[in-house]
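Each protein sequence line maps, in turn, to chains Y and E.
Note that the first sequence covers residues 1 to 369 in our numbering.
Note that the second sequence covers residues 1 to 369 in our numbering.
Some clues are possibly wrong.
To be verified - Residues on chain Y that point at chain E, a partial pick, calculated with CB under 10 Å:
1. C21
2. I183
3. A187
4. I223
5. L257
Said to hold, decoys possible - The calculated DSS-like cross-link candidates involving lysine-lysine, where the alpha carbons are at most 30 Å apart (straight line), are:
6. E:K240 <-> Y:K23
7. Y:K287 <-> E:K240
8. Y:K287 <-> E:K242
9. E:K287 <-> Y:K234
10. E:K293 <-> Y:K234
11. E:K242 <-> Y:K132
12. E:K68 <-> Y:K320
13. Y:K240 <-> E:K23
14. E:K287 <-> Y:K240
15. Y:K26 <-> E:K242
Honestly, the hints are just simulated from the structure, not real lab data.
Keep in mind that this is a model prediction, so the values were computed, not measured.
C-beta: ideal position from N, C-alpha, C; glycine also.
Number of protein chains: 2
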Amino acid sequence: MDLGIVKTEYFKIEGELPLECGKSIKDIQVAYETYGTLNENKDNAILVLHALTADAHAAGKHSEDDRKSGWWDNMIGPDKAFDTNKYFVISSNVLGGCKGTTGPSSINPNTNKPYALDFPIITITDMVEVQKKLIDFLGIKKLTVVGGSMGGMQALEWSVNYPDIVNRAIVIASTSRLSAQAIAFNAVGRNAIISDENFNDGNYYDKEHPTQGLGIARMVGHITYLSEEAMHNKFGRDFKNKPSFDFGVDFQVESYLDYQGRIFVDRFDANSYLYITKAVDYFDLPKKHGSLKEAFQKTKARFLIICFSSDWLFTPKQSKEMVSALIQAEVPVSFVEIQSTLGHDAFLIEVENQTKIIKGFLRGQDGKA
Amino acid sequence: MDLGIVKTEYFKIEGELPLECGKSIKDIQVAYETYGTLNENKDNAILVLHALTADAHAAGKHSEDDRKSGWWDNMIGPDKAFDTNKYFVISSNVLGGCKGTTGPSSINPNTNKPYALDFPIITITDMVEVQKKLIDFLGIKKLTVVGGSMGGMQALEWSVNYPDIVNRAIVIASTSRLSAQAIAFNAVGRNAIISDENFNDGNYYDKEHPTQGLGIARMVGHITYLSEEAMHNKFGRDFKNKPSFDFGVDFQVESYLDYQGRIFVDRFDANSYLYITKAVDYFDLPKKHGSLKEAFQKTKARFLIICFSSDWLFTPKQSKEMVSALIQAEVPVSFVEIQSTLGHDAFLIEVENQTKIIKGFLRGQDGKA
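Given the sequences, and given the hints that come with them, work out the whole structure.
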């Protein structure tokens, strides 16, 4: 069963919110959606935390004729992994995004123009601080946090920074810090955006946007989201038609990436891409707390760590490092490595396996302190 | 011992050379170097075939005050893997290149302007045809071919197309066809070049060059040349200085890629990058001959296949596919997978291991038919 029609709502953080970089942002708006009903004890809430380019619209449709449902609709709804008959599910767009929450494309109240690169550098910690304001506003007392990829980073940050609120954390296809290789891919993406002739130091909102650069950044991203095997199975060396003997789109895999690049630029802001990838690069839980074990000694949550065997961007090795540190910190942790050829993207696709595991984890923990 | 001072020489193919695409190129110039002495039987020649962006200058120095030696100087010279006391080593710049052999930056004799994108699409087969003219010109009767990466593709093509000349083929960190993932990375690189505001349909030779795009292509390339482990060991998550909280170069790995991009654009032509990566993408030995086994049934060479355990661009799996097909085709083959953390770049760096293996292979085969 599906959720049916849902609606994005907006919450405003009045005044200045101080950021990790030392600057602050005034009157932040937060776009969010909720699914299911908050119980009387206000302790059945699950906060869903999105990855790089998603939004508050995690499940359901905005109107009957919506072609697509929210980005994690296969996991959120009645009887699904995050069962809205039992849980009150909350999803919000991250700070720095471009889907309703304040970001570089928002109007700077001090200038009445878009922030562009005057937007301060934000971190995963800042994203979580904004979500904390929303959770307080909603009156939530106890919280399960869950996220894949960058969403998992936020879940980690939540569990360490708010031990009295977070009682369960589900961290999927994520890491306590990016590898040098993943930073390198993000750097290439940002470089492509900044090099675009239309970038104009980020002040492109009333002109042509840097769509070529953003498209290239997205192409690079999509290569890293798929495993080599998935790409082989999906496209192999097939030509779109026949060898073109020119520099147009030739192979199926080129056609796929070209398409992914083109549809992305219509839905995402290049400046947001810069800010959010930077936040991901900077995230380093062990460094911030001395070590990963010391970080996890601050949490009171029970953990479920899920990773995917063919994920080479947020690797099983990185998940196992977290599991090892959690155990050393005497934190209850369940760990599953799902065998999948789908690469990093698996967290959005491998519904059946994840549903069984997550349902079991939540049932096994319900009612515990 | 080193070779000392060497000199690039030039050879001209008079008239039209027909290409695989159906077009032809007139009066091709070939830049080449030779090291050592051709024996009386003219059967001690080794043709060294270069990778994507190298040149004819494989060993020695061009002048006493040259800071750097040729790109494979650690492997070519007296007593080295390719021992110039015994062998006559030949190295030439590939067709489509920008280092002395005719390519898109050369003057089109029909227009007296650079070819730019009027240069026809070339293939690995075409590169080999040009080398064949040089080998005939030098009077070579028997030939050992050797190459890493794209150089290995040329060695494969040589061994299959000229079985009566090639008696030994050494194929290092190479493949009989790129994976979908490798094609995808090349497509991103080409896309970055073509999207550059200075690209101007390839007609940039008298203007600003598309250096931003070419730099991005090179950054992507370098990520794929290193293993994740090598990047981790080399850079980790170290900052260049401290977190900049802006979008400049921040991490050491960014600094490395930025540097690699910047030095590359001074030495390489963007159009050549387009043409040569396309040739690599198109190379598909099994498809051309029906299967890899059928391809190898045409060779009379003895093979040495070398791969590197951490090479994820030209993978050990791909090398093993070649070994399997060679054995099925009853072709003598030796195979070594060198344990290395250095990724694809290992073929340029792992000198000691390669030297032992290659020397043994060549000694064991010398004097055989």
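Okay, the hints, checked on the actual structure:
| no. | hint | result |
| --- | --- | --- |
| 1 | C21 | 5 Å, holds |
| 2 | I183 | 5 Å, holds |
| 3 | A187 | 4 Å, holds |
| 4 | I223 | 5 Å, holds |
| 5 | L257 | 6 Å, holds |
| 6 | E:K240 <-> Y:K23 | 23 Å, holds |
| 7 | Y:K287 <-> E:K240 | 16 Å, holds |
| 8 | Y:K287 <-> E:K242 | 13 Å, holds |
| 9 | E:K287 <-> Y:K234 | 18 Å, holds |
| 10 | E:K293 <-> Y:K234 | 25 Å, holds |
| 11 | E:K242 <-> Y:K132 | 28 Å, holds |
| 12 | E:K68 <-> Y:K320 | 44 Å, violated |
| 13 | Y:K240 <-> E:K23 | 23 Å, holds |
| 14 | E:K287 <-> Y:K240 | 16 Å, holds |
| 15 | Y:K26 <-> E:K242 | 27 Å, holds |
Of the numbered hints given earlier, the model fails hint 12 alone.
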